[in-house]
Amino acid sequence: MFEELLKSPETLVTPVIHVRDAGQALRNLDIVGAAGCPGAFLINHDFPMEPFLPVLREVRAARADMWLGVNFLAQPGDVAFPVLGSLARDGHVFQACWADDARIDERRAAQEEADNMARIRVASAWDGLYFGGVAFKKQRPVDADAWSDAARLAVPYVDVVTTSGVATGREPDLRKVEAFREAVGEAPLALASGITPENAHLYCASVDCFLVATGINQRDDFHNIDPRRLGDLLAVTRSQGERKCQT
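Remember, the working numbering sits 82 above the position in the sequence shown when you count from 1.
Cβ-Cβ distance ranges computed for the label pairs, FRET-style:
1) Glu280 to Asn198: 35 to 43 Å
2) Arg171 to His283: 38 to 46 Å
3) Arg257 to Ser168: 35 to 43 Å
4) Met131 to Arg252: 21 to 29 Å
These are computed hints drawn from the structure, not numbers from a lab. All C-beta atoms, glycine included, are put in the ideal place defined by N, C-alpha and C.
Make a model of the complete structure from these sequences and hints.
This is how it looks when you write it as structure tokens:
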């Protein structure tokens, strides 16, 4: 189970595929599977949510046993959960939802938006893992001195607290990641931008899961994974996991 893998010493790698069509997504999923990753995320970076849905149905039918997560670009959980619930009722089950904004507001004691999101999640009957974005790129900026508060407040609302650097492909501030790790305690923590085979070792001690795209894609190609780059990243995470086991 993915939830159990999140507790392992090794930082998981779940590649993110910027989907163009079902054929392109399936070719990249074959690379993910051959590399031994536990799963992948699919995102509609280039087109709206509605035309993404038939692609998701086709991909799920073709890869019925693969762990797959979905990011509906720029859509929060209150939009994503009912759609994923509807897909599941039609037999197209996706195991995870990643939303860039979990609607956590570290400036307030009451988390009304996150509470509403939780109610919608329950009503949707979708029961997958929720990777909720906190202090995430392209969302409301969170001051550095409030990173810990934002991360701590998110824990009751999401299954995997998920943060990022300031932009796609930008390496995250290590201080931010360490602050998140301390704030969430034993709760799972994911990082969703800027990870490469060259810098991953800096974050493995703090992060349970890397969501990675540009760092493992082919050169100047936003849509296709480079198997060699993915292999290099996995070599780093597996090595760091072995070191943790030895300590």
